[in-house]
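There are 2 protein chains.
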Amino acid sequence: MDEIARRRQMLFSGTGFSAALFHSGGLPGGASAPFSYFSGCSVDGSYLVLNRRGGMLLTHEMNFVEAKEKCRYPVRVFGSKPAKDLKGACGRGKIAFCPSEMSAARYFALRKKAKLRLVDAGDKIEAVRGRKSEGEVEKLAAAARIARKILARLVPWKFGTEERLAAHLKMEALRQGCEIAFEPIVAAGRNSAHPHHRSGSARLGNFVLVDFGVKKDGYCSDFTRCYFRGEGMARERETYGKCRKIHRDIVKALPKCKTGKDVALLGAKLIKEAGLPPLIHSIGHGIGMEVHEFPHLGAKSRDSLGGGTLAIEPAAYFKKFGVRYEGMVAHVKGKWREI
Amino acid sequence: MDEIARRRQMLFSGTGFSAALFHSGGLPGGASAPFSYFSGCSVDGSYLVLNRRGGMLLTHEMNFVEAKEKCRYPVRVFGSKPAKDLKGACGRGKIAFCPSEMSAARYFALRKKAKLRLVDAGDKIEAVRGRKSEGEVEKLAAAARIARKILARLVPWKFGTEERLAAHLKMEALRQGCEIAFEPIVAAGRNSAHPHHRSGSARLGNFVLVDFGVKKDGYCSDFTRCYFRGEGMARERETYGKCRKIHRDIVKALPKCKTGKDVALLGAKLIKEAGLPPLIHSIGHGIGMEVHEFPHLGAKSRDSLGGGTLAIEPAAYFKKFGVRYEGMVAHVKGKWREI
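Protein sequence lines, in the order shown, are assigned to chains A and B. Mapping of the first sequence onto the numbering used here: position 245 corresponds to residue 245, and the numbering continues sequentially without gaps. Mapping of the second sequence onto the numbering used here: position 330 corresponds to residue 669, and the numbering continues sequentially without gaps.
In short, the hints are calculated from the structure, not lab data. Do not take every clue at face value.
[Stated by the list, open to error] Calculated cross-link-like contacts (lysine to aspartate or glutamate; reagent style EDC-like; alpha-carbon spacing at most 20 Å):
1) B/K672 x B/E477
2) A/K256 x A/E273
3) B/K409 x A/E183
4) A/K320 x B/E477
5) A/K319 x B/E477
6) A/K115 x B/E477
7) B/K451 x A/D123
8) B/K454 x A/E183
9) B/K672 x B/E408
10) A/K149 x A/E183
11) B/K659 x A/E69
12) A/K300 x B/E400
13) A/K68 x A/D2
14) A/K113 x B/E400
15) B/K658 x A/E69
16) B/K591 x B/D459
[Unchecked claim] Rough simulated footprint, nothing fancy, chain A against chain B, three-plus residues with beta-carbon under 8 Å:
17) 401-410
18) 444-458
19) 505-517
20) 605-615
[Claimed, not checked] Label pairs and their computed distance ranges (CB to CB):
21) A/K84 x B/K584: 37 to 43 Å
22) B/G393 x A/T161: 31 to 37 Å
23) A/M1 x B/K454: 44 to 50 Å
24) A/H281 x B/K672: 54 to 60 Å
Quick caveat: nothing in here was measured; it's all calculated off a predicted structure. Ideal Cβ positions, reconstructed from N, Cα and C, are used throughout, including at glycine.
Here chain A stands alone, though its shape is the one from the complex (with noise of 0.2 Å):
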């Protein structure tokens, strides 16, 4: 069976969904990540409509040939008719769909003008996309060593402002063949107490956090790394210290960890014991075709580590500074290795 046929069974499997309905999103480009993630394209505009024994892809004229070159399964373009086109193609059973992958006038109009029986399978859609496969794994390591090189060269104060050094970032990326996996962070001096500060015009001085990563084959990396330069920032220095120290120790005792509730306590723990603030954030997330994706690393996430990526990021923030430290890791054939 292939992946695609294997994402669909993992799908279906002890679910009473009679059918799966995704959608692409609207701009050239791009497509949804559970979208690209069960019909294995990107094509814009469309519909894919999944059951137990195959599925369609449903699209405009105008992406046809596209559609057809680059999906799997079979495609058909709407008539006049697009909601009874795709009622016919859900049927009238329970269909399953993302609620945070869709938005609520899109689902508004499927209930109404389609009629369709939508059934919120955002748990289960999220889990099977978190359980990522060897391959998947592959892409995710190629992203991580792309954005790792990147972010070991660098030489921050060459770029002088935030600004600058983001945009360099994002060169960077595309010199690599890559998009930017968000919108890096960069934050001089007193903006690192903030953790999702916005690059602006703020000249770099002797320290600056960067959080980045790149988008590589549709798999995300993100990493955080500290520059400090000259001497001085005694405590900005060790505080970075401890929090690499508690990422090393996060992934040492992941083989402990269950769930994403069993991380984020550990991480509370070690962040304790190493005389740091409460984090204000979480932990960490799991990474894929997402940024932020399964499993969720709270206080109260039941969510399974078993086959996941993470990227674990401990930190600490003061008024005047703040330092994180993020690297990624997956759980591959039940062992945990750095990526």
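The hints should help you fit chain B onto chain A, whose structure is shown.
Showing chain B alone in chain A's frame:
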């Protein structure tokens, strides 16, 4: 009254909503267009609650300082019960929201957990955003100028393949201090027959279609040009010339158009008169903080054109090639002008 207050006033004028609710989205470095438009900032992971008298931004602790710096409304940090905080801020009345900008998952959660009386105000919100202020048109014109300049001096043949030309366009956008407004479409030779062709490894021959725009200060541009090298391609050149002329003729006739429908019908008429096949996508679209926004230019659209900014893109697609010419036009002080 400042611009942000004026926008709020337009939103509530003639409606029965007691409040309006927007969410910025979850990733750093960007926010949904309605959130940015009404808040004047783009802090991630935040809610904006507006009423007739003012508004408030609710955010996570980790975004507080950034939000306080950039948002003109008071900022509050979510406590341990965010749903309760939201309910308190929104009140019991009808709460306007924009379903095209909110995921179905968030909509479900707001209804169930915060018990908000959400009312679909998408049409109103989009219509308000569609009428541009002079300041907005200036920003759109700046984004347009940069994209036009990049396309005007482009020598596509230097880059060998579609992908590499697309990467060059993205880097040019970055060098000009912009983002891309959308993934550039670079279609060599036969690939131009597909309006939303995804740039790939195809080598550039003697004909290439480029659809490209930048985002500057939050506002988008969108242009399409066709490039020819050497002799021949008489039919491609001639058809492209016709599209340019149709574009010019539509812009000239815009003062007679009142709605999106009027433009769609005008476009269809001119395309028919030029002996070209009926268009398989719309003749254009509103453009602003999003590449595609109000007014919709379709055969059934009653969207008013007044104060709008449009991208007009007459095109013709055949089996072996396609051509398209796209440019932008803004309605300022009752007059249309190309930007």
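Just to be careful, I want the Cα atoms of A/K319 and B/E477 compared with a cutoff of 20 Å; is the pair within it? 38 Å, violated
Coverage of the stretch 401-410 of chain B by chain A (three or more Cβ within 8 Å): holds (count 4)
Mind checking, does the stretch 444-458 of chain B have 3 or more residues with a CB under 8 Å from chain A? As far as the stretch 444-458 of chain B goes, the hint holds, because 4 residues have Cβ atoms under 8 Å from chain A.
Are the Cα atoms of A/K149 and A/E183 separated by 20 Å or less? Distance ~18 Å between A/K149 and A/E183 Cα, so the pair holds.
Confirm or reject the coverage of the stretch 505-517 of chain B by chain A under the rule of 3 or more residues with a beta carbon closer than 8 Å to the chain's beta carbons. Answer holds; 6 residues pass the 8 Å Cβ test.
Assess, step by step, whether the Cα of A/K300 is no farther than 20 Å from the Cα of B/E400, and give holds or violated. Holds, at roughly 19 Å.
Is 54 to 60 Å right for how far apart the beta carbons of A/H281 and B/K672 are? 47 Å, violated
20 Å Cα cutoff - pair B/K672, B/E477: Given pair B/K672, B/E477 holds - Cα atoms ~13 Å apart, limit 20 Å.
Check whether the Cα positions of B/K409 and A/E183 lie no farther apart than 20 Å. Satisfied, since the Cα-Cα distance of roughly 18 Å is no more than 20 Å.
Given the proposed pairing of A/K68 with A/D2, does the C-alpha separation stay at or below 20 Å? At roughly 18 Å apart (the allowed maximum being 20 Å), A/D2 and A/K68 satisfy the hint.
Proposed proximity, B/E400 with A/K113 (alpha carbon, max 20 Å): Outside the cut-off at roughly 41 Å; violated.
Range hint 44 to 50 Å: satisfied by the CB atoms of A/M1 and B/K454? 45 Å, holds
Comparing the model with each earlier hint shows violations of hints 4, 5, 6, 8, 9, 14, 16, 20, 24; every other hint is respected.
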